[in-house]
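Spelled out, the chains give:
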Amino acid sequence: MTSTPASRWLKLTGILVLYAAVLAVSAAVLVFNVGGGRGLPMAAKIPIALAPMIPALLVIPWMIENFRLMDEMQVRHQLVAMVAAAVAAAFLVMGYSFLEIIGLPRLPMSVVWCAMIGFWLVAIWVQRWRFR
Amino acid sequence: MGAALAVSVKNRVRELRLERRWSQIDLAGRLRVSRQTINAIENLRYDPSLPLAFEIADLFVLRIEDIFEHRPVGVATCD
Numbered sequence: 003m004t005s006t007p008a009s010r011w012l013k014l015t016g017i018l019v020l021y022a023a024v025l026a027v028s029a030a031v032l033v034f035n036v037g038g039g040r041g042l043p044m045a046a047k048i049p050i051a052l053a054p055m056i057p058a059l060l061v062i063p064w065m066i067e068n069f070r071l072m073d074e075m076q077v078r079h080q081l082v083a084m085v086a087a088a089v090a091a092a093f094l095v096m097g098y099s100f101l102e103i104i105g106l107p108r109l110p111m112s113v114v115w116c117a118m119i120g121f122w123l124v125a126i127w128v129q130r131w132r133f134r
Numbered sequence: 137m138g139a140a141l142a143v144s145v146k147n148r149v150r151e152l153r154l155e156r157r158w159s160q161i162d163l164a165g166r167l168r169v170s171r172q173t174i175n176a177i178e179n180l181r182y183d184p185s186l187p188l189a190f191e192i193a194d195l196f197v198l199r200i201e202d203i204f205e206h207r208p209v210g211v212a213t214c215d
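Line by line, the protein sequences give chains P and W.
Under the working numbering, read the first sequence as residues 3 to 134, first letter to last.
Under the working numbering, read the second sequence as residues 137 to 215, first letter to last.
Accuracy of the hints is not assured; some may be wrong.
Subject to a maximum C-alpha distance of 25 Å in a straight line, what follows is the list of computed SDA-like cross-link-like pairs (lysine to any residue) [what the hints assert, rightly or not]:
#, chain 1, residue 1, chain 2, residue 2
1, P, Lys13, P, Leu60
2, W, Lys146, P, Glu74
3, W, Lys146, P, Val82
4, P, Lys13, W, Arg168
5, P, Lys13, P, Ile119
6, W, Lys146, P, Asp73
7, W, Lys146, P, Ile119
8, W, Lys146, P, Arg132
9, W, Lys146, W, Arg181
10, W, Lys146, P, Ala26
11, W, Lys146, P, Val77
12, P, Lys13, W, Ser170
13, P, Lys13, P, Ala26
14, W, Lys146, P, Arg78
15, W, Lys146, P, Leu60
16, W, Lys146, W, Pro187
17, W, Lys146, P, Arg134
18, P, Lys47, P, Val77
19, W, Lys146, W, Val197
20, W, Lys146, W, Leu198
21, W, Lys146, P, Gln129
22, W, Lys146, W, Arg199
23, W, Lys146, P, Phe133
Since the hints were made in silico from the structure, they are not lab data.
Construct the entire structure; sequences and hints are all you get.
Below is the structure:
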């Protein structure tokens with residue numbers, strides 16, 4: 003059965019709702035100390051902290067399904083955008099590491115991923131604008 | 137040292153589509169690609185893969201060489 007765009011977005015919404023629910027429970031236990039979560043041993047805290055990753059992993063088959071449904075030119079645009087984003091993020095990291103030497107604060111590694119997504123969005127927008 | 141032939145591929149996709157009074161969206165739907173891809177092919181900004189070229193040829197009931205024409209535009213050499 004071929005999925006429709008509406009059904010695919012519905013599926014993504016379901017994944018995100020599930021992720022948000024598990025994240026809320028995890029944060030409630032570990033951050034807001036519901037049920038005395040902060041007092042739990044580390045061996046119990048680790049799986050609770052990682053629990054939101056389980057629904058987050060469902061995004062992978064969703065992304066692969068969407069990638070497979072693209073036509074050949076769209077796939078090429080995605081690959082070009084991903085390469086551009088990876089290179090831009092690499093230069094950002096390299097440049098900022100020089101700034102850290104002179105005293106700028108260390109940034110969390112999640113910043114790299116966020117920057118890469120930002121660069122990817124810009125690159126995709128440029129590709130789509132060029133081939134509109 | 138090697139030499140690569142620079143090739144410019146031209147096509148008659150727009151002409152054949154207009155003969156049939158199809159919009160780019162109609163053609164895209166028949167080929168299961170995006171309208172942007174049809175637009176890029178018609179404007180010679182994207183060369184379709186061989187499988188897509190065969191699909192286009194099948195759709196128009198023509199041979200690939202009746203739709204796509206390659207024109208060598210020069211030889212690039214590399215050491």
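Hinted pair, alpha-carbon criterion (25 Å max): Lys146 (chain W), Phe133 (chain P). Please report holds or violated.
17 Å, holds
Is Lys146 (chain W) within 25 Å of Leu198 (chain W), Cα to Cα?
16 Å, holds
Between the alpha carbons of Lys146 (chain W) and Asp73 (chain P), is the straight-line distance 25 Å or under?
Distance of about 21 Å is within 25 Å: holds.
Restraint check for Lys13 (chain P) with Ala26 (chain P), where alpha carbons must lie at most 25 Å apart
20 Å, holds
Does the structure keep Lys146 (chain W) and Glu74 (chain P) at a Cα separation of 25 Å or less?
Distance ~19 Å between Lys146 (chain W) and Glu74 (chain P) Cα, so the pair holds.
Straight-line Cα separation of Lys146 (chain W) and Pro187 (chain W) no greater than 25 Å?
17 Å, holds
Hey, Lys146 (chain W) versus Val77 (chain P), does the alpha-carbon distance stay inside 25 Å?
22 Å, holds
Under the criterion that the straight-line Cα-Cα distance not exceed 25 Å, is the pair Lys47 (chain P), Val77 (chain P) satisfied?
40 Å, violated
25 Å limit on alpha-carbon distance, applied to hinted pair Lys13 (chain P) and Arg168 (chain W):
Roughly 22 Å separates the two Cα atoms, so the pair holds.
Does Lys13 (chain P) pair with Ser170 (chain W) here, judged by a C-alpha cut-off of 25 Å?
With Cα atoms ~22 Å apart, Lys13 (chain P) and Ser170 (chain W) stay inside 25 Å; holds.
Do the alpha carbons of Lys146 (chain W) and Arg132 (chain P) lie within 25 Å of each other, as the hint requires?
Holds - the C-alpha atoms of Arg132 (chain P) and Lys146 (chain W) are around 19 Å apart, at most 25 Å.
Verify the proposed pairing of Lys146 (chain W) with Ile119 (chain P), using a straight-line Cα cut of 25 Å.
36 Å, violated
Of the hints listed earlier, those the structure fails to meet are numbers 7, 10, 15 and 18, in rising order.
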